[in-house]
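Take the sequence shown: its position 78, counted from the start at 1, is 84 in my numbering, and no numbers get skipped.
By construction, these hints were calculated from the structure, which means they are not laboratory data. On a predicted model such as this, the values are computed, not experimentally measured, just so you know. Backbone N, C-alpha and C define an ideal beta-carbon position, used for all residues, glycine too. Hints are not guaranteed to be accurate.
Said to hold, decoys possible - 27 Å max Cα-Cα, derived DSS-like pairs, lysine-lysine:
no., residue 1, residue 2
1, K258, K293
2, K334, K293
3, K258, K121
4, K325, K293
Claimed, not checked - So the derived label-pair ranges between C-beta atoms look like this:
no., residue 1, residue 2, range
5, D244, W339, 54 to 60 Å
6, S342, T187, 36 to 42 Å
7, G364, T187, 46 to 52 Å
8, G134, Y296, 25 to 31 Å
9, S315, T190, 45 to 51 Å
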Amino acid sequence: MRPRRKHRPMLWTGVASAALAVVLIGSIGNPALARQDATLNAVSHMATPTIPSPSPTGPPSEVPTRPGSVFACPPPAPPGGDFPAMVGLCWAASSDDVGVTGYEVYRLTADGFVKAASPSGTNAMMSGGLVMGRFYTFYVVAKDAAGNTSEPSELITTTATTGPRPTTTPSPRPGDVTPPTMPTGLRDYCVADGAGVNFCWNASTDDVGVTGYDVYRRTATGYVRAGSPTTAWFHETDVVTGRHYTYFVVAKDAADNLSWPSDPLSALAHEGYPTPSPSPTPPPNCKVAYDTWTWSGGFGTQVRIINISPDPIRDWTLKFRFPDTGQKITGGWSASWSQEETYVSAAAMPWNSVIQPGTSVEIGFNAAHTGANPVPPAFTLSGVSCLRS
């Protein structure tokens, strides 16, 4: 890997004036400026000499190493003037057995990641569609002559900048321009008992309202959107048990403003709790109706247990698990309630300990929550799974 950082100031200074002049003036109807557009296209990627593309022979080529040390490096601006907002990125060069031919830079939008630049060197300047003062998230991959793509770089989030002395004040954007707060507190396996990846986080806030989240998973060549939940928890089953996967989360609002991305989480794909298989398996003898109402910081729940068997159910204990660690029972009625971590038990009282066939009992509780209030996925009554009503 060749060190480049000590040459960077000279590289940016030599090209900034020409590049920004073209951005300002444009080339519509001007043949001379059309030639400058071609120059800008090359300059905006800050290209270094392109490595020849060999024709590899023998075994398949190796994948390039992932670009490292990505950082913001906006070019110096000429005195005065007004020009579009820009983001400049630089990174350490990748290596490859047949030769790195270039890089691709991807920017996060409300619709996912889109390609923002395809430079041949280890830096890029982007200006299309950016707004001064707003932050944007990017990653970089390397390409080689055999068509291989490297693993993605670490994410970088940086603010779009503009000239130091603009001649006009940019007009404010209409509507909601305030992004939600960054999701925090990502924690593994706190949602469900089923197989796969399960994790949750602390809910974001917004001046108008958070409409949901986008969850991205890192792959061998980029970041893909794995889901878009509306609550602060996520479950994915299309994974390999025992393997770790890296995720990050962004919050969004109705105006497609995106939050700063969360810190990455390495989550393990679990096999789920083992399902006992007694012989013979007892048929369900109960059905549970779970009705809940929510307010800021809390919720109440009415639970109805229905005996669907031909025999009485005696001295019952209802058990379930809260999907979110922030759900905590504060008080209950018509049962003896207890909670250990996310596991909840409700034991019968002496006066309702027998549920006759075709009848039901109603119990309930009040609880606190920290932003997410998902419904428990399953219920058991004295060790036997209940149907949901």
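Checked hints:
Proposed proximity of K258 and K293 is contradicted: the alpha carbons are some 38 Å apart, above 27 Å. Restraint check for K334 and K293: the C-alpha separation of about 24 Å stays at or below 27 Å, so the hint holds. About 21 Å separates the Cα atoms of K258 and K121, which keeps this hinted pair within 27 Å; it holds. Of the pairs offered as hints, the one joining K325 and K293 holds, with about 13 Å between alpha carbons and a cut-off of 27 Å not exceeded.
For the pair D244 and W339, the beta carbons lie near 42 Å from each other, so the given range of 54 to 60 Å is not met. Against the hinted window of 36 to 42 Å, the Cβ-Cβ separation of S342 and T187 comes to about 40 Å, which satisfies the hint. Between G364 and T187 the C-beta distance comes to about 51 Å, which sits within the given range of 46 to 52 Å. For the hinted restraint 25 to 31 Å between G134 and Y296, the CB-CB distance of approximately 50 Å leaves it violated.
Evaluation of the 45 to 51 Å hint for S315 and T190 yields a pass: the beta carbon distance comes to about 46 Å.
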